[in-house]
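> Going down the list, the protein sequences come from chains R and G.
To convert, take the position in the first sequence, counting from 1, and add 41; that gives our numbering.
To convert, take the position in the second sequence, counting from 1, and add 117; that gives our numbering.
For the record, the hints were derived by calculation from the structure and aren't laboratory data.
Because the structure is a prediction, the values reported are computed rather than measured.
Beta carbons: idealized from backbone N, C-alpha and C, even for Gly.
Please note: incorrect hints may appear among the correct ones.
[Said to hold, decoys possible] Quick list of simulated restraints, FRET-style, between CB atoms:
no., chain 1, residue 1, chain 2, residue 2, range
1, G, N218, R, Y91, 36 to 42 Å
2, G, D179, R, Q104, 49 to 55 Å
3, G, V429, R, T101, 48 to 54 Å
4, R, F143, G, T368, 49 to 55 Å
5, G, S322, R, Y91, 44 to 50 Å
6, R, I166, G, P299, 24 to 30 Å
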Amino acid sequence: MYKSLLYKEWLKIKWAFWGITLLSLLVLLLMMLNVAYDMEQMTPKGYWSYVIQLGYQFFTDLQYLPVLAGVVIAIAQFSPEMNNSRLKLTMHLPVKENSLLFQMISIGFILLVALFVLIAVLLGIITGIYFPSEVVYSALNATFPWLACGIAAYFLATAIIIEPIWSRRLILLPFSLGFLDLFISVYNTHINLDLFFLFSCLVTSILILFPAYHFKRGI
Amino acid sequence: MFIKLSRILYLVLIVFVASIFLPKYYWLKFEKNIRRPMVYYSPVINEFLVSRLVGNEMFYVDRYGKKYDRDQYEKLTPLLNYRQLISVGKLPDSLKGEPLNVDDIRINNIMGKVSPEQMDYKPIQLFPLLESKSGRVKLEMPDDYFRITNRFEFIDCQSNICNENKSNLFTAALTAQNFAFPAVMVAGNPTNKKAFDEGYFVLDSKNQLYHIKMVKGKPFCVNTNIPSSLDIAFMNISEMPLREFYGLIFTRQGEVYLISYDNYKLIKVPLENYDIRKQNFLMIGDQFYRTFSLVSATDVHTIVTDRNYKVVDRYQESWLGNNELMAGKVSTWLFPFTLRLNDSDSSFANFYFKFSGLQSIWLTLILVIVSYFILRHRKISVKKGWIDLIIVLLSGIFGFIAVLLVKNIDNTN
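Extracted from the complex, chain G is given alone in its bound form (with noise of 0.2 Å):
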């Protein structure tokens, strides 16, 4: 009994590791590297254009086909690439009727990405809380970090002792402001790279999201009064000089908000369909346009919305991933499914588990069949090797590799 189980073990043990490897050393060969697109918006043309690498020439799109090579590229997006066009002189003085000057320029031209692997990360609970008035022109790394548990604690970083003097003050600050410990998410950006500080965003246990920074060594705290129903999955949080937004806020359900700095009015971005454990999001912003991208393997939704966030345009492509291709093809007539630990859009090694679809019978059937011929060489009954059989047929490729390789030791049973 225990011997069956053991071999039964072995069998396993073999299927589990080659539904891991053989795929992966399968990808490893045929994955070909699939560039996604980038999607643009000229605010000379009013037009899309979308990067094209073929070989190793780069070049560029609009929606009807017509081509641009990087010169004219840059040209018909003088505000991206407006370095590039100071240098050889070719910046316009003017687009739309609006005189360009480069410092309004470099402050209006915003860009950020979040991606599904970010959105379930979770960063070891502990950061630094900068002066953000230290009346220096460089921030400077505190010298000690804090968590906010059942209370808000500073613990030093010389000492590895709780700062008890400055954890009681800001404790009693957030209290006053009815805070909930403990905290359920912090998000900021906890660098010093950076012109100037704002501190975090705090999700409390009662769903109400703070705002909380350290000025001149004592504590700023205020409710933002964002609604509590809001099903907050991810902030991203980024100090940018044009002091527009503090940041973006992504629900579960898929929508995206900006936090404004006009007393943290809530501005949503005109998306659809957002699948925020699938999708890149990416944000271009100009002195004119937001361009708002959902990136996917195979496909790409762009809108592009004015200053107000009133959709101005669409734009949408979709392309054959890997899965689609030929090598993807086979892999699924050869697999009848793949095992995996890691995931593109995930921070977890977890299990990935991944159904070929029913095109691997074929395959499997085959195999089931020659194992039976096999077992019958090696003399053995089906009333004694029919768990072999059974595994050949839930695994495939993997199972008749097991079977096969202890095909020595069958001989005993």
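Looking at chain R on its own, in the form it has when it is part of the complex (with noise of 0.2 Å):
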């Protein structure tokens, strides 16, 4: 039954997942020729004290990739299903109604997560290119927020599309979005807050019940 669930969600997803992930890509590789660009401009030694004294972040592109790739992959997944309502013919299949809405996010979860990994893993490769070992370290964790920003996005998105009433979205958009403000407009970090986005990201899932609960009663 998942293995079916998981390539009926795959067939929604794939070409939003592509193109997300084609502009990540793209996105990185501009990163790279901007920093390249400007090591050969400013002389190395000029742009390393620029980055490691000045704190100028090279990889502020990255910043609302991953919010954008989150709220992609939800319109993709969930929109459809809105369409004549047919989450609810999902809903008669004989699985529980939660434990399937689990399944259903844990899919566009997975893929998130496993694009952010490509992502983190290839921003500290080209970091460890230009910068030393310091350098990566610090862009990792100044990215941290954004990439859990990513799966709150999503996760909140899935619920304000799922949501049948309107007034209820309106209700629910701002909030959101100021939740995911925090994330995004935050610098340097302190460990405890970075274990916080971690933590919040996660437990933002549990909200897509509550208008799945209204969209299943139709109210």
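Given two chains presented individually in distinct reference frames, assemble the corresponding complex, making use of the accompanying hints.
Printed below as a string of structure tokens:
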């Protein structure tokens, strides 16, 4: 059952997933070209001092990419379900509704985690070509909240999409944006805050049950 | 069960976001720019002069309330304002019986500032080691950066590869001085925009402080023999042409020491009750005096010492901060607590929770009662809606907003 569901979800997501993966690779390539160009123009020691001493973040092009990925995957996966209330048919499958929903979002979640791991690994490799490990660590540390934000964005966007009533969507939207803004706007995060981001981006998955409940009952 | 949990998380999300953004927007509207006064010491009248800004007018007062305009202030602080006084031909020939000369004034004028935010900031642990005796007037940035982990390593910027020869040379020099790797703290002034270079002061893993620099390509490494019992929180190293001290040591207990050029002898700055996590440290020095100020959001404590660091005079002033003004008082009635991810006294993004005080309970109790009636209106019994009431009780207006906004959803329970 899970396998067939997996396949069904994959069919919906695959183009969005490949698209966003391609976009991520292009952004990383662009970043690499920019670093190489700036190294050439500013001389390596000039660019190192810019990055190491002045804290220039050469990877800020990645900042909004995870949020975009989360939202795009959520739309690709759940907006077709909302057309003619197809989600209702899915919910009539002989699986408990909540576990069915969790199975559905687990697929998007796993794909996003895979994409974000890929982004982090490539960012680490590219940074490691030009800079010592201290800078690699600093870059990954700065990127972590943005990646966690992508996961939270996926769950929150899913909750907003499957919420059947517009007024409730409008209530959830600004608070979701405010919540996601916290992940993106922080700089030099303390480890406690990083742990909170990790924990809270996973916990937001539970939020989707409530709108799904409304959907089921048609209220 | 899961649906209920999901709804509670909905409420918690709203409370969390509201408790950050509502106070933030509130203060965007109501925060007053409270200018902290600057405290100067006049060597002419031996009296403090404190800057005041009323409207757009800047003037200065002494502690007896006597007002001075800018021209008067400049004449009373000729060493601080020597350039202005020279330009209008009013620099006195002598002060306190000593003839004044521009070179002496310039070399003796020193300034330093350290904020709590600087104290806990941890930069990327890679540093440029400049050549301190290049024979050139202008200092040059090196082609490599160093780190001190289990050895002293130079990483070349061009190739991003460790320079083994140079690394071995410096590792051997440090080892010969019994340096205990790795370094715990590296403090320097890594810029070429300074008159000369004194390298770095490095705390090793046995709490010994070393002075490390590069002289004609060779390592210079000296154990300063500064007591290892000193609980160093921060060092501010800055090359000054006066060459009286290398920089300042700040301990976690709030002591401040100058590292003198006289064989690294420590000179204690006679400050009292310095909280390094809350107060800004400010130092102004001239030919005759040193002025040290500790400035927080609501007060300033200043001491003036002579050149031997003996206290000559003290000044203290406090003023009302935003929290004590009307907007601050209203906010403590309105919000039971506020949550921020940034704090002006720290470089870290973290949770900064502030409880407003017991006065916020009044509004909270009213909101709990209103929530009770809202639940009744929604035909929800207390048995089913008690968690909403608890959320309002714990989070006041933020919880009330959450309960109010999810009202349509409540009907389904």
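> Next step is simple, just say for each hint if it's right about the structure.
Going through the hints against the structure:
| no. | hint | in the structure |
| --- | --- | --- |
| 1 | G:N218 to R:Y91: 36 to 42 Å | holds (40 Å) |
| 2 | G:D179 to R:Q104: 49 to 55 Å | holds (52 Å) |
| 3 | G:V429 to R:T101: 48 to 54 Å | holds (51 Å) |
| 4 | R:F143 to G:T368: 49 to 55 Å | holds (53 Å) |
| 5 | G:S322 to R:Y91: 44 to 50 Å | violated (31 Å) |
| 6 | R:I166 to G:P299: 24 to 30 Å | holds (26 Å) |
Consistency with the previously given hints fails for number 5 only.
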